[in-house]
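Asker: Could you put together the complete structure from these sequences and hints?
Count along the sequence shown from 1, then add 1; that gives the number in my numbering.
To be clear, the hints were calculated from the coordinates, so they are not data collected in a lab.
Be a bit skeptical, because a hint or two may be false.
As the list claims (entries may be wrong) - Just the calculated beta-carbon pair ranges, DEER-fashion:
no., residue 1, residue 2, range
1, K43, K132, 16 to 22 Å
2, M240, E186, 20 to 26 Å
3, L236, A180, 54 to 60 Å
Beta carbons: idealized from backbone N, C-alpha and C, even for Gly.
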Amino acid sequence: MCNFGHVTNYLTKLEQVSSSQSDAVLKSKVASAFGLVALHEKNYHAAASKFIECSAEIGASDNEVLHAEDIALYGGVCALVSFERKELKEKVINNSSFKAFLELLPWLRELITDFNSSNYALCLQTLERRKPELKLDMYLCEHVAKLCKEIRSRGIIQYFYPYLSVDLHQMARTFNTAAADLEKELCELIAAERLHARMDSYQKVLHAYQPNHRTITYKRAFEVGRKYAAESRNLLLRMSLLKNNVIIRDS
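Answerer: Next comes the structure, spelled out in structure tokens:
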């Protein structure tokens, strides 16, 4: 199933058939296949949502493509990089159906719990230990670096969210990393506008930054007015040229 070109079309037809039946295993196989396609397309939220739809009954069936442990792994990791905290808690941690899958991978269950509980150092240590193993996975290998980086970035963003300012050295200890490396990561997140903060590199303090929405609104209004004035001038000039029969033809 490494050729994903026509998989979606076949799955759509199969989904229409399975939706009219009460076969939970068949529906789970279709959902897991959709999840695999979404994973391949790097649509991690859709992938997580599809894997979470799977019933625990699929674990007792023969499946040539995915096993129950695979569903737990792909669904759990994709949820970490795409679900907001509330969604992660409701759809993964407190989801009795998906918890049955996570029981098959205790380390992943603990990793997700640590992340949700803001135990980022422990979470990231576990993730780093498991990274070599994840890189051997047939479907996950090409995504491992991106997924691990995103989990770390989301942890940094969530950690800083409730604060007005944070000491960089303290934050570095929380994430079990060097302050210089953390500062580089923070600057990347700030540049990408994922972290609304300003870095005091001298004092090694990260300050929350709230943009002046009033100023932004004025700037947008001014830009709209400027474009409208330019378009009006161009229109008046064109009307004046037409009125005076001034026509520029191609040579």
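Asker: So, for every hint listed, does it hold in this structure?
Answerer: Verification of the supplied hints:
no.	hint	in the structure
1	K43 <-> K132: 16 to 22 Å	holds (18 Å)
2	M240 <-> E186: 20 to 26 Å	violated (56 Å)
3	L236 <-> A180: 54 to 60 Å	holds (57 Å)
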